[in-house]
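Take the given structure of chain P and dock chain W to it, following the hints.
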Amino acid sequence: MTLLTFTLIMFLGAFAAGFIGSLSGLGGGIIIIPLLSVFLGVDMHYAIGTALVAVIATSSGSASAYVKEGITNMRLGMFLEIATTAGAVIGAIISTNAPTSILAIVFGLTLTFSSINSLRKKEDHLVLPEDSSALARNLKLNSSYPTPSGEKVKYGMTNIVGGFSMMGIAGMMSGLLGIGSGAFKVIAMDTIMKVPFKVSTTTSNFMMGVTAIASSVIYIQKGYIEPSICMPVIIGVLIGAMVGAKVLVKANPKKLKVFFAFLILALAINMMYNGIMGNI
Amino acid sequence: MSTAKFNDSDLQSIIGNVLRYGVLLALTVAVIGGIIVMFTKSGNTVDFSTFIEKDDNIFNVINRIFAGVGHGDGESIIFLGILLLFITPALRLLLSLVSFFFEKDWLYVFISLIVIGIIVLSVTLGFSH
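These protein sequence lines are chains P and W, in that order.
Take the first sequence: its letters are residues 2 to 281, numbered as in our numbering.
Take the second sequence: its letters are residues 805 to 933, numbered as in our numbering.
Only chain P is shown next, with the shape it has when bound in the complex (with noise of 0.2 Å):
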C-alpha cells in the first residue's frame, strides 16, 4: 500500500471512529484500536500509541470549553490524578512487556464492558455538602456547579479512598491500552464517590490528557507514536467528532447509542477472538 492510500483510507476511518465515539459516548480512541488492528492490519502496539494521542487531543479540545464554565471541579481531577498517573505507568510498563494476543483480548473485553456499561441507566447523585465524608471536607473537594439558570449547585461526596482505587485502575487501562477510560473513571466517580453527574464526565473529560502523557513518554521510548498513522487519525477522529455531536442534538441518541453499543460489542468479540486464535 502506498503513503497515500494508507494516509486516506485511516483519515476517513478516524473519522467514522471519531462519529461513533461521540454518539456512543464511548470516546473516540477505544474504537480506533480495532479499526487499526482488525481491519487495517495495524500491529497492535502502533494502533495503541495512535489511539493515546487521538486520546489527547480529543479531550483537551473539549476539556478547554467545559473548565470555563466552571463545571470542572479541578480540586478533585488533580487529587485524582495522584492515582490516575501512577496507575498509567504501571499500565505503560506491563503493556510494553506484554504479548500482543493478551493485549488484544485484554481490549477486547475492556470494549465489551464499556459498550455494555453505555447502555446503563445512570443514576445521577446529590450528596449535601454537611453529609460529605471527613476525607472529603479535609481534601477541600466539595464545590459547587453552575446551572444554565445561573444558579449555584453545592455538592458533597463520599467513598474518597474507594473512588481513588479505582482511578487506579482506570489509569493503569489507561496506560495499558491507550484509551481515556472513561467508564472506569465514571463508576470511580459516580457509583463510588457519588459525584453529580455533570461534574464526573467534565473532571473525567479534564484528567485524560494528563493521565495520558504520563504513558505518553514510555510511549514515544518504545517507539509506539508513529507519525504517518497519527497524523491522518487526528483529524479525523476530531472532525468525526464534532460533525457526531452535531448530529447527537437532532437525531434520537437512546436508538443510536444501543445499535451502536452492539456494533461495538461486535468489534470487542473479534478482537478476543483474533487474540486467542493468535492472528494479532
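Hint data in this document are derived by calculation from the structure and do not stem from the laboratory.
Possibly wrong hints are sitting among the right ones.
Calculated pairs, DSBU-like style, for lysine-lysine (alpha carbon to alpha carbon, straight line, at most 35 Å) [stated by the list, open to error]: (1) P/Lys-69 - P/Lys-122; (2) P/Lys-199 - W/Lys-908; (3) P/Lys-141 - W/Lys-858; (4) P/Lys-141 - P/Lys-256.
Just chain W now, with coordinates in the frame of chain P:
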C-alpha cells in the same frame, strides 16, 4: 481578602485558553508536516503490520525531531505537532501548581507536585538502559 488577586475563575479561564490554543497549534503543525510528507513521500510503500520495538531515551528522540524539523522533514514536523499536543496538558498541570501556590493552598501545591513527580519518574522507568 486583599491578597486573593488570583482566584479559581481566573485560573479556569487561563487553563481553558491554554488547552484550546495548544490543541489548535499542535494540529496546525501536524497538518503542515502531513502536507510535506504527502508531497515528498506519498508514493512510498508503507507497512505497519509488524511492530519494531525501540528503546530510546526521550531526550534523544526530541533531539532527532528538532534536527529533522531543521531539514524540513515532514515526519519530524508531524512528531513536533504530537509533542506539542502532549505538552498542552503538561502546561495545564504547571499552571495549576502555580495558581495553588498563589492561593497559598499548600495541600494542593503538594498534591500537584506528587502528580508532576510521577510523570517525571515515568521518563526513567520506561527506559531500560
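A quick look at each hint next to the structure:
1. Between the alpha carbons of P/Lys-69 and P/Lys-122 the distance comes to roughly 28 Å, so the proposed pair stays at or under 35 Å and holds.
2. Restraint check: the Cα-Cα separation between P/Lys-199 and W/Lys-908 comes to about 28 Å, which is no more than 35 Å; the hinted pair holds.
3. Among the hinted pairs, P/Lys-141 with W/Lys-858 is inconsistent with the structure: their alpha-carbon atoms are about 43 Å apart, more than 35 Å.
4. A threshold of 35 Å between alpha carbons decides the hint, and for P/Lys-141 with P/Lys-256 the separation of about 40 Å lies outside it, so the pair is violated.
The structure fails hints 3 and 4 (numbered hints given earlier, in ascending order).
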